[in-house]
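These protein sequences, in sequence, are chains A and B.
Residues 1 to 463 (the working numbering) make up the first sequence, in order.
Residues 1 to 263 (the working numbering) make up the second sequence, in order.
Rather than coming from a laboratory, the hints here were simulated on the basis of the structure.
Treat each hint with caution, since some may be false.
[Unchecked claim] Residues from chain A shown here face chain B by an in silico Cβ test under 10 Å; the list is partial:
1. 315
2. 382
3. 436
These figures come from a predicted structure and were not determined experimentally.
All C-beta atoms, glycine included, are put in the ideal place defined by N, C-alpha and C.
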Amino acid sequence: MSAHWIALRLKDAASATAPAPSDPLAAFAWQVLQVTPWVAQVDDALVFEISASERLFGGRAALLDCLGLSGPHTGTVCYAQGATSLLALGRLACVPPGTCTPFPPPGPHVAPEIAANALPLHALARARPHLPTLARLGCHTWGQLRALPRGGLARRFGADVLAALDQAYGLRPDIYPWIRVPELFDAPLELAAQVESAPALLFGARRLLAQLLAWLRARQLGVQRLELRWELDARRSNAQHLDAHHQGSDHGRLELHTAQATQDMRHLERLLGEQLARVRLPAPVLYLRLRSLATQALPTESQSLLPDSVRSGDSLHQMLERVSARCGAAQVLCAQVYADHRPERMQQWQAWSGAPAPVQPLRKPAAVDRDADASGALYPTWLLATPQRLLSQRSGPQFHGPLTLLAGPQRLEAGWLAGESSILRDYFVARSAHHGLLWIYRQRLGSDTPDGTQDWFLHGYFA
Amino acid sequence: MITAQAQQAFVSHPSAEEALQGLHAQVWRAHAWARAPLHTVATGEALLDAQLPGGGWPVGALTELLQEAGVHNEWRLLLPALAQHGSGPVVLVGPPHPPFAPALLAQGLQTQRLLCLCPGAFALDTAQKATPPLAPASCLWATEQALRCAAVDTVVAWLAQVRPHQLRRLQLAAAEHHKLLFVVRSLQAQHEASPAVLRLKLSLNDQSHVCVEVLKRRGPPAADLVQWAARSAALQQVLAAHGAPDRPPRAQMPPARQMRQRP
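Given these sequences and hints, build the entire structure.
What follows is the structure, encoded as structure tokens:
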């Protein structure tokens, strides 16, 4: 299959309303890198070769569609096609600036040489310094230049003109310093207008995320940690502003974490939106910068031939990250069981960290099961975070009426090594007419009051 | 309209009932269960299963549990189903107290499966500062997010203030993503309209047994109260050893319901 090159140039009048990345051509080059590795920048244009990837993307038209180059309105770029890179560039040079009509590709029956012969000489960059001389020679097109004797051409205008001509006609290979994707993602963005409120930053950040996606895809990575920085307007910057996002300098920052490396920009955008909703900007913002802090190679999933029953919905990590981004990390808890005799130390509800729960720190899993069978059933299903002091009278403890002690005492004496957290308690199962079965305890030491009543506490409900 | 074939069926079959059933497969009679195939999870209590359409908790539908404010007797009712159904996380949204994981583990629910969202009512830890309770809207939002998550099997939500249209949204989410969803509410909601497929009222009798009354189900109105010992077998043994009264007969017709049954 013959090579197919595309030369591409940004239109001069880029739309002024949208925020533009500082180097839009490089941003586009990353997009093209998803399609082909042969991408190079020549002056202010981008050339790339797509024939090798056409079949994978379902044809040339589908591939151009994938790059957003189909149809008459190609947005902010104009492009031309050709069998060699210089041919494509030459055709691009013939497109008058300011228009967006792509140069019509030649029909399949026209040989590349014949199509190239008609191109004007100013479209060949190497020949441009010699244009007046060539014009006086009566030489205006590529075909006329090529018809001149090669030896004389090389002596008169230099070997590089001849080499460029050979390259344009496909007699020499197209070799360029190819564009490579940087190791770290760090993209700045200048906003079109000053942004006063943090949630409005999301609009600009969305462009950076799209750029990040192109970078991630080109490197086959997933992102785990991201940093978004914004520069505060220096004229109104109050350097004294201190909060979680501003450290008193002229910029603010925000970090995004995901538990699993991801390429899902929709998820990152929602996380960013939740985070930005809680940021208060002390001064307007003009510049944004997005950096990748931690990335991980993303294994590609092998897909099954047979359709399997996929459960609809998003993944657990995404859901929990979203909830903790909106409600706070303390609102997503998971349980951790510890080996201890004190009920309040037997479990701990800790903020969900994303990592799978570590192995039980003190007990072996088998021991958990055996112990659980023996004693766990005697524990209540609700355990109050702090024991609730009960009214006690001579007849016994009261909780919404008198309590009947059904079982007990179960004497607990533990934690004497730890000092202040030592407990001396007698646990009882009690029945309340209103609340069902309760787990209550009596403090054993130094708790007898002069009138003979004792300190009773409610510690759990058998529900 | 009875065709000749149907008349034949009447004559040949001893029971006219059977013949009618064969004829009118599409007709649902009010004293029978709804016929739509239901995916259910057994409750672990045969008497209660018998009262529920499909023989258990409906999956992909909203089940409402109503009980008096401040009283929470739902664990014993829910635990067998939670332990059985799936192996993914069990999401608890807005529990009123910290669940005691060792006790739940002893009754078959793995600790790793427990996830608590929006536990506004209890502090995170003694060392860390208490978290302020969240707005009810956040709890609702978190519930819906949990229902939309592929990995989650069961969601239990304690929603104090919730409007019928919000419940309807949860019901639709549960149906769409095929989740087991329980919403625990206070008894004041008993007379409000609700989109729940199943509504149960939990109360305690004088022996501290949980009585389950089916307020709404897809089928004929329920006549029986199911009484349920609100304690695990091990606890039951301990109580018996201490001379606590044994469990009473578990299904009985209370006088009030009998009055209502009378034409």
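Here is what the structure says about each hint:
Restraint check, residue 315 of chain A versus chain B: the minimum CB separation of about 6 Å is within 10 Å; hint holds. Because the closest C-beta pair between residue 382 of chain A and chain B is about 4 Å apart, less than 10 Å, the hint holds. A distance limit of 10 Å between C-beta atoms decides the matter here; for residue 436 of chain A the minimum to chain B is near 5 Å, and the interface restraint holds.
Checked against the numbered hints given earlier, the structure satisfies every one of them.
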